[in-house]
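Chains as they are written, first to last, in my numbering: chain X, 20 to 495; chain Z, 195 to 677; chain V, 13 to 107.
Hints may contain errors.
[Claimed, not checked] Here are the computed lysine-lysine pairs in the BS3-like style, where the Cα-Cα straight-line distance is at most 25 Å:
(1) X/373 / X/407
(2) X/174 / X/220
(3) X/185 / X/134
(4) V/36 / Z/288
(5) X/203 / X/149
(6) X/198 / X/310
(7) Z/429 / V/73
(8) X/98 / Z/539
(9) V/18 / Z/570
(10) X/91 / Z/570
(11) V/59 / Z/570
(12) X/407 / X/370
(13) X/373 / X/383
(14) X/220 / X/133
(15) Z/604 / Z/233
(16) X/149 / V/104
(17) V/86 / Z/303
(18) Z/304 / V/73
(19) Z/547 / V/18
(20) Z/610 / V/52
(21) Z/490 / Z/453
(22) Z/570 / X/98
(23) V/104 / X/232
(24) X/370 / X/421
(25) V/104 / Z/539
(26) Z/279 / V/86
(27) X/91 / Z/429
(28) Z/585 / V/52
(29) Z/288 / V/86
(30) V/73 / Z/303
(31) V/73 / Z/580
(32) X/486 / X/444
(33) X/486 / X/394
(34) X/407 / X/421
Hints listed in this document are in silico derivations from the structure and should not be mistaken for laboratory results.
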Amino acid sequence: MEYEVVIGLEVHTELLTKTKIYCGCTTEFGGQPNTHVCPVCLGLPGALPHLNKKVVEYGIKSGLALNCSITKYGRMDRKNYFYPDCPKNYQITQDELPLCRDGYIEVELEDGTKKRVGIERIHIEEDAAKLLHTPAGTLVDFNRSGVPLAEIVSKPDMRSPKEAVKYLERLKSILSSTKVSDCKMEEGSLRCDANISIMEKGSDTFGVRTEIKNMNSFKALEKALNYEIDRQIKAVESGEKLTQDTRRWDDTKGETTVMRSKEFANDYRYFPEGDLVTLNIDDEWIEEIRKTIPELPHEKEARFVKEFGIPKHDASVITFTMSMADFFEKTAKISEDAKSASNWLMGDISKIMKENATWVEDLKFTPEQLAELIKLINSGTISNAIGKKIIVTMFSTGKSPKTIVEEEGLIQNSDEGSILEVVNKVLDENSKSIEDFKNGKKRALGFVVGLIMKETRGKANPQIVNKLVNEEIKKR
Amino acid sequence: MELHKLKAHELKDLINNKEVKVEEVTESFFSRIDKVDHKIGAYLYKSKEEAVNNCKELDARIASGEKLEGLGGVPVAIKDNISVKGMQNTCASKILEGYIAPYDATVTKKIKENNGIILGKLNMDEFAMGSSNENSAFKKVVNPWNEECVPGGSSGASAAAVAALEAPLTLGTETGGSVRQPASLCGVVGLKPTYGRISRYGVTAFGSTLDQVGTIGRDVEDCALLTGAIAGVDKMDFTTVSTPVQDYKKSLVKDIKGKKIGIPVEYFGDGLDDNVRKCVDEAIKVLEDNGAIVKKISLPLTEYSLAAYYIISSAEASSNLARFDGIRYGHRSKESQDAVDIYIKSRSEGFGKEVKRRIMLGTYALSSGYYDAYYKKALKVRNLIKQEFVKTFEEFDVLLSPTSPSTAFKFGEKTKDVLSMYLSDIYTVPVNIAGLPAISVPCGFVNNLPVGLQFIGNYFREDVLFNMAYSYEAATDWHKKAL
Amino acid sequence: MSVSKKDVEYVAELARLSFTEDEKEELIGDLNSVLGYIEKLNELDTKDTDIIVNPYYIENKFREDEIEPSLELKTVLNNAPQRLEEYVIVPKIIE
Numbered sequence: 020m021e022y023e024v025v026i027g028l029e030v031h032t033e034l035l036t037k038t039k040i041y042c043g044c045t046t047e048f049g050g051q052p053n054t055h056v057c058p059v060c061l062g063l064p065g066a067l068p069h070l071n072k073k074v075v076e077y078g079i080k081s082g083l084a085l086n087c088s089i090t091k092y093g094r095m096d097r098k099n100y101f102y103p104d105c106p107k108n109y110q111i112t113q114d115e116l117p118l119c120r121d122g123y124i125e126v127e128l129e130d131g132t133k134k135r136v137g138i139e140r141i142h143i144e145e146d147a148a149k150l151l152h153t154p155a156g157t158l159v160d161f162n163r164s165g166v167p168l169a170e171i172v173s174k175p176d177m178r179s180p181k182e183a184v185k186y187l188e189r190l191k192s193i194l195s196s197t198k199v200s201d202c203k204m205e206e207g208s209l210r211c212d213a214n215i216s217i218m219e220k221g222s223d224t225f226g227v228r229t230e231i232k233n234m235n236s237f238k239a240l241e242k243a244l245n246y247e248i249d250r251q252i253k254a255v256e257s258g259e260k261l262t263q264d265t266r267r268w269d270d271t272k273g274e275t276t277v278m279r280s281k282e283f284a285n286d287y288r289y290f291p292e293g294d295l296v297t298l299n300i301d302d303e304w305i306e307e308i309r310k311t312i313p314e315l316p317h318e319k320e321a322r323f324v325k326e327f328g329i330p331k332h333d334a335s336v337i338t339f340t341m342s343m344a345d346f347f348e349k350t351a352k353i354s355e356d357a358k359s360a361s362n363w364l365m366g367d368i369s370k371i372m373k374e375n376a377t378w379v380e381d382l383k384f385t386p387e388q389l390a391e392l393i394k395l396i397n398s399g400t401i402s403n404a405i406g407k408k409i410i411v412t413m414f415s416t417g418k419s420p421k422t423i424v425e426e427e428g429l430i431q432n433s434d435e436g437s438i439l440e441v442v443n444k445v446l447d448e449n450s451k452s453i454e455d456f457k458n459g460k461k462r463a464l465g466f467v468v469g470l471i472m473k474e475t476r477g478k479a480n481p482q483i484v485n486k487l488v489n490e491e492i493k494k495r
Numbered sequence: 195m196e197l198h199k200l201k202a203h204e205l206k207d208l209i210n211n212k213e214v215k216v217e218e219v220t221e222s223f224f225s226r227i228d229k230v231d232h233k234i235g236a237y238l239y240k241s242k243e244e245a246v247n248n249c250k251e252l253d254a255r256i257a258s259g260e261k262l263e264g265l266g267g268v269p270v271a272i273k274d275n276i277s278v279k280g281m282q283n284t285c286a287s288k289i290l291e292g293y294i295a296p297y298d299a300t301v302t303k304k305i306k307e308n309n310g311i312i313l314g315k316l317n318m319d320e321f322a323m324g325s326s327n328e329n330s331a332f333k334k335v336v337n338p339w340n341e342e343c344v345p346g347g348s349s350g351a352s353a354a355a356v357a358a359l360e361a362p363l364t365l366g367t368e369t370g371g372s373v374r375q376p377a378s379l380c381g382v383v384g385l386k387p388t389y390g391r392i393s394r395y396g397v398t399a400f401g402s403t404l405d406q407v408g409t410i411g412r413d414v415e416d417c418a419l420l421t422g423a424i425a426g427v428d429k430m431d432f433t434t435v436s437t438p439v440q441d442y443k444k445s446l447v448k449d450i451k452g453k454k455i456g457i458p459v460e461y462f463g464d465g466l467d468d469n470v471r472k473c474v475d476e477a478i479k480v481l482e483d484n485g486a487i488v489k490k491i492s493l494p495l496t497e498y499s500l501a502a503y504y505i506i507s508s509a510e511a512s513s514n515l516a517r518f519d520g521i522r523y524g525h526r527s528k529e530s531q532d533a534v535d536i537y538i539k540s541r542s543e544g545f546g547k548e549v550k551r552r553i554m555l556g557t558y559a560l561s562s563g564y565y566d567a568y569y570k571k572a573l574k575v576r577n578l579i580k581q582e583f584v585k586t587f588e589e590f591d592v593l594l595s596p597t598s599p600s601t602a603f604k605f606g607e608k609t610k611d612v613l614s615m616y617l618s619d620i621y622t623v624p625v626n627i628a629g630l631p632a633i634s635v636p637c638g639f640v641n642n643l644p645v646g647l648q649f650i651g652n653y654f655r656e657d658v659l660f661n662m663a664y665s666y667e668a669a670t671d672w673h674k675k676a677l
Numbered sequence: 013m014s015v016s017k018k019d020v021e022y023v024a025e026l027a028r029l030s031f032t033e034d035e036k037e038e039l040i041g042d043l044n045s046v047l048g049y050i051e052k053l054n055e056l057d058t059k060d061t062d063i064i065v066n067p068y069y070i071e072n073k074f075r076e077d078e079i080e081p082s083l084e085l086k087t088v089l090n091n092a093p094q095r096l097e098e099y100v101i102v103p104k105i106i107e
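The shape of chain X in the complex, shown without the other chains:
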């Protein structure tokens, strides 16, 4: 029996406004608990909500960036449920008339083809308070209560976990480029829940779906979805009936478990929020907002391919985040070597950033300095190998490559005479290697070159070393 997988994602993203959605308390992260609160976000008797215009603006902006149509006459609604993180025991959100509808993201599949994943709707709402579970009881910090969120619901268009991850990556890339959110999954400003079901291949009736929560990284998303597919298939094949559950992903155990429902019954009793008024969004405002949308990642990607002649794949990786794309563009322009710029960023620099959990915005060195490094290599002043060492120092100190070269005396040695001396010395000491090479063991050459580079502390010009070693071996 072959199965098809149907996946939809529900993404919540924190909007980067100065203040909360319904009151003037700051949204600043951190801060002493329960000090960014007021009667409104604390749910005191008599408090009334005040809709933050910027939240609406950012909601519209994200909708435009995601190809949605903007609802002209909209309103806010109440979603009623009891939970300690919900001060009013209702959330002011949007139910029937969301801010944006019917958008899409173009996702590139593994085989290179493009697929449109539909976006059902985007609406704005308030975040809940933070709960800290301790043995003494659950502590509540209301600082986060009322922070503005945009909820982006996809259509159930994804057909594999990999597609889902690509969708989420693309979504993050587009949203962060508009600066409405910084979309950092690890920090909680981007949260993702998934809905997944299976159906027999060829069928057009969706199966019973499961909602999965608590996936805190792209990897976790993929793992959780794959786990669910296995679980659901096993269940169906053993005759078990699937139920519409909400399940929690446990990353340590690598499994999903059924969650005790937040509400006894998920009867949210949505009804219109009478303390707020009708939203009438005119075309003029929409166009004003549209103008503030910067060049989006896929637009940038196309431009980089055209303008800088780098391969499409490279351009795609580089434009994943705005900051990476900007860094690349500056470096490429100054160094006039776009390919090297992209190689460095995608290669060594990405590796170091990952190892040190750093973002491009936090790099200590600048695009000007990276360009300088590229120029030093291209002019033959230093070798590429030395360059790899220098970038590490640049990362940790922020010093310019020229400074580092001077301080550590790393200028490449291109003097054939002195190199030849070392070549001959090493060859004299390693006659077995010469024999091995002549007998067909090509690796022996690399071994010898390695020794020479070690002897010269990496400063010998590699091309010259290779040339001289080849020449001398022939003589022996």
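Using the hints, position chains Z and V against chain X.
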């Protein structure tokens, strides 16, 4: 001088003319409260110390030559569901025992800015749900005209306090007639302004699209004085509007020549007490004598208002009262074991019977499967009722009716049958549904119990209401009959 | 539509209220009485009527994205029935 016997505008003049001190006026009312409130039951909290301090401040400013504008040093008492910073805000419920409001409602701020002295917080039906003030969790309020009778509700204490001379001006709140009906039963003037005329920020919500703060005084001028001090757009309440507030003093004239008064027959049907009908009929004659043109009309949708009202108000209340859970403030059950328990126990212990009943009704009306049939249907009927009024006001300046189908009923008389209590709101509720302004003025007595006359005005035409009411009052002397 | 005991129990759960058996019986009666009265709304044809939320049309009221003063911590905690350091504390939630 028994200052508490004077009207607010009279007191303001005396203070302004330096014939009497602000502190003397306030002391007079506190003495009166000490003398009678153990019987009346209007006050849940008396703010003597703070009030006297504020008096001293105002007296000092007067002594330095300043003229006090606005309320001019006159005291006001406030219903206990309107926040006053540093004071209790129980809404006459156990579930809010211990809660101290950390902020002022906008209307409270305005009273303070307008030189009003706050006497204290007034009793009410729990969470404003009731028509007799019998639903207070703390103590009952009696009608000053007859201690065996109710004062009306839910702002029963607000009306009784004025009638019993325990305060010259009070604030109440309305969702379905809770200012007009008790004003009518207690023989005082009560106004419910247009929805959006006065800010709801700081007023504990019952029905968000129905609630309004109402003003009560012993005569029309007093009521207008208080209304003028607190009306206006507020950035803290998005449902208020920037339509300018008229100078209500200018409306206090007798001339109503040529003004058209509509008399809707539906408000004079079978449920109306005959003696009340007589009083209202007399009143109509007075108005005609004053020059108004009176015409009988029909508003066939009137009979549907109460049903629509109970769905909408209960549904909104079920959501507005969800925040009372013992977590951040108020009563938390000592028996709660876990975080689920805490809600059920605290709420069940803290809420009274009527409140629970309305929460149940409202939750049911919003619940899955019933939303369309009940809540959505009620919102559509609301639209129809509103349109009927809008059309009527194309021809008429005001509409006129009795405020209540009867005079004050006895304690316990209507508590046995849920519907009979609800039906006592039948003449007041349509106004809240449409969001229109309306005022109740005394228009007679039956067995020494007051009868109220209601004027209903067009949106933001409180000026017309004050004019009508003043004209009627000037030709009669019900307002002069004091206890 | 008639309200049953099961309905009352379902709604009570949603509203986080508990009732004794006697109270439930009374509620069934009260709710049926009121809902019976409310049936009269069905006499009106509202097929082509729009709902209204605010009593009259108001649009586009907003607040600018500017910081306003918050409450002081002690003010927040003063009203809390139970607190632990800077937090409001509730009995442990079983996830």
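Taking each numbered hint in turn, which are not upheld by the structure, reported in ascending numerical order? none
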